[in-house]
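Asks: For the protein sequence lines, the chains are A and B, in the order given. Those letters in the first sequence? Residues 1 to 427, per my numbering, in order. Those letters in the second sequence? Residues 1 to 427, per my numbering, in order.
Just so you know, these hints were derived from the structure itself, not from any lab. The beta-carbon is built from N, C-alpha and C at its ideal position, and this holds for glycine as well. Any given hint could turn out to be false.
The calculated SDA-like cross-link candidates involving lysine to any residue, where the alpha carbons are at most 20 Å apart (straight line), are [to be verified]:
id : chain 1 : residue 1 : chain 2 : residue 2
1  : B       : Lys56     : A       : Leu45
2  : B       : Lys125    : B       : Ile175
3  : B       : Lys128    : A       : Gly119
4  : A       : Lys125    : B       : His118
Chain A stretches covered by chain B per the calculated footprint, using a threshold of three residues with CB under 8 Å from any CB of chain B [stated by the list, open to error]:
id : segment
5  : 39 to 50
6  : 71 to 78
7  : 108 to 120
8  : 290 to 300
There are 2 protein chains.
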Amino acid sequence: MKAYSAMSKEELAKEYEKEKAAFEALKGLGLKLNMARGKPERGQLDITTDMLTVIKTPEDCMDPIDGNDARQYGTPWGLTCCRELWAEILGCKAENVLAAGSSSLTLMYDTVSKAVTHGLLHSDKPWKDLPKVKWLCPAPGYDRHFRICASFGFEMIYVPMNENGPDMDVVEDLIKDEAVKGMWCVPKYSNPTGCIYSAETIARIAKMKPAAKDFLLMWDNAYCVHEFEGDYVPFPDILSLAAENGNADMVMEYASTSKITLPGAGIACMAGSVDNMKYLMDLWDVQSISFDKMNQIRHVRYLKNKAGVLELMKKHAAILKPKFDAVLDALDKEIAPLEFASWNRPVGGYFVSLNVMEGTAKRTLALCKEAGVVMTAAGATFPYGNDPHDSNVRVAPTLPPVAELEDAIKVLCVCMKLSALEKLLGK
Amino acid sequence: MKAYSAMSKEELAKEYEKEKAAFEALKGLGLKLNMARGKPERGQLDITTDMLTVIKTPEDCMDPIDGNDARQYGTPWGLTCCRELWAEILGCKAENVLAAGSSSLTLMYDTVSKAVTHGLLHSDKPWKDLPKVKWLCPAPGYDRHFRICASFGFEMIYVPMNENGPDMDVVEDLIKDEAVKGMWCVPKYSNPTGCIYSAETIARIAKMKPAAKDFLLMWDNAYCVHEFEGDYVPFPDILSLAAENGNADMVMEYASTSKITLPGAGIACMAGSVDNMKYLMDLWDVQSISFDKMNQIRHVRYLKNKAGVLELMKKHAAILKPKFDAVLDALDKEIAPLEFASWNRPVGGYFVSLNVMEGTAKRTLALCKEAGVVMTAAGATFPYGNDPHDSNVRVAPTLPPVAELEDAIKVLCVCMKLSALEKLLGK
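Generate coordinates for the entire structure from the input sequences, incorporating the hints supplied.
Replies: Rendered as structure tokens:
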């Protein structure tokens, strides 16, 4: 095998015929496979079966720290024991934490929604009364973040992601514009590139001086303990870093146990400076009497502490690692020698971010679909669904069993090659 | 005992001295009692202890109707079995129902918030772009409803409540104003008056013709199965009544099991026309991947169906009835002969709505507080916290044990009398 770029037209044509035949053969199998979303597989859901019965009696429902009854109204900030657990995981203080319902996405949406309708702590007015709100979207990124911006009519500005996080030269330039009101960040095992923001990048983020005094740094720590290979990787507490740089009220952090315990039925949290939290909780108090504290106490009694969480993550890792290996092995074997594509090698998170030949991502995924393999839509990882290079493909290998995954990745490899060859041959 | 109005000045002065002495004696007891919020007592929380362990295995987590796994992402409308349960309780169809998280208040807030930021199905523009939004607030009503309006800067318009529901002559006149965009309703055991809207009132509501084509009738069916005395009282399905009158998209209905299973940890739902639900769920899809379906399956397997719910409500009734009796007995004995106050005699819900002598509600509650009894703030049941007659007092007798409640109501009776006598004597 040699690189496509080193092949003659004739060699490429021969390759094309070979891959075309392979594609037709795969199509004939009538596959029906899905690598679209970052869902855990059934085996991962079974890991936490013991959690279902950990709360048995009324006594089990009492907060072990302050005795509050998880079954009663009130305690709007969440159970103390649950706030403590999140503080230990995130490395912040319990006073910074709201222990909430099951969805961190909902908390993020609600924060942005309140900025629009009411304004943030340092806003002169609600954002709804501004002529324009702009938002920084490092990409490839999480499509659901971008959808929140789109839903509120924010102008999304593309910021390139590199292996250390967002391109901070670009960010530092853009935030000179007062209309730029915020930025999405997934600092650890970023969705989908899998990178961990470097210490230098995080330091530059923490000391940003945006023109907008109510700039909102959305720190979505979705994969904070989600190693599937190697040991737990510590991360800095963005809240104290920001505070040390006079930016205490700039950051809001989010996390959930959706990929620790159960998707959509875990516990979520939001953390910010004491002043920020007080301001936001006054607004939240209109929306909510209390979050589901029963699910909080169930989680705390089951997970116990950060060590308990990390132990659990090892069980997830045992299921996830072979799947990521299957994807990477296939890419290494089938694609690497041809030198027309690149991808990351994550050790945590839920995705492999693949860059196929420029201008062929849409075509690649259309071919996959034809052969019965559904992938995340091309462009979904960019604001407005528009990948400027039509190159990024998000591979979500976690849901299918390994055997199905191997079939799916085989199809993906053939489709990548076929669409690259089509382009090279001007077909 | 005779009516205050039939007493001479001298007799009133004598009464005053007597009640003043009684008040001082009670104050000396150093009581610390609370009748402020509609919280269930501990015994009610214990009723559902069996629910805690009803889900034991992965198989228990599968929707008995369509096999969907409650532990996985997705199913944004909620489990089919849970939508069916709510449809049976509310008398609508499952296709009308979103089975959601634990709080109906949050669903109500979110609906209003989306009207502000995005507009409703029939809105020309989001309400944030209107010069003014007005809202009908039948009162006495639920303080948290009014707080939502206040938070979004709506102009609240007071509508008198009578024993059949809101005064519909007033309502029908007010909705001629296009700026009037909605109305709060608690149709069964209204908070706090305890009335059930009459069939005629509901018929008039269902056929309203508001000038605003995006008028939002908020039907908070918070106490739909909450009889504590006598048999279950059926109620009409507002969704089909509105549809029959060409108002299908005017109504959104809400309910939760906070006072059926566990406060703040129950299951909540929202119901509307199919078109309304589709429109709103497209907006909700930005905010939420899925609600906590584990709590849904736990509830469905425990409650089973409407009959199961009604059976459970009998157990709550056995705890609640003696408490309401204690309040009503004291009022009948201590206050009725004096003929200066009136109150309802609810057979369901969580409150007794008491009208003390006009102009003395604030004073009555200040005296109560002095004697160690905390009540819902005077005026809280009116928009802007402003009771035009300074007369309404919301009594929430559910939380304290009967013995404490008897003490508290004794204090309330003395304080009512004392403040009435102060007024009559010009003190």
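Asks: Each hint should be assessed against the structure and marked as holding or not.
Replies: Okay, the hints, checked on the actual structure:
no. : hint                   : in the structure
1   : B:Lys56 with A:Leu45   : 13 Å, holds
2   : B:Lys125 with B:Ile175 : 19 Å, holds
3   : B:Lys128 with A:Gly119 : 13 Å, holds
4   : A:Lys125 with B:His118 : 19 Å, holds
5   : 39 to 50               : holds (count 6)
6   : 71 to 78               : holds (count 4)
7   : 108 to 120             : holds (count 6)
8   : 290 to 300             : holds (count 6)
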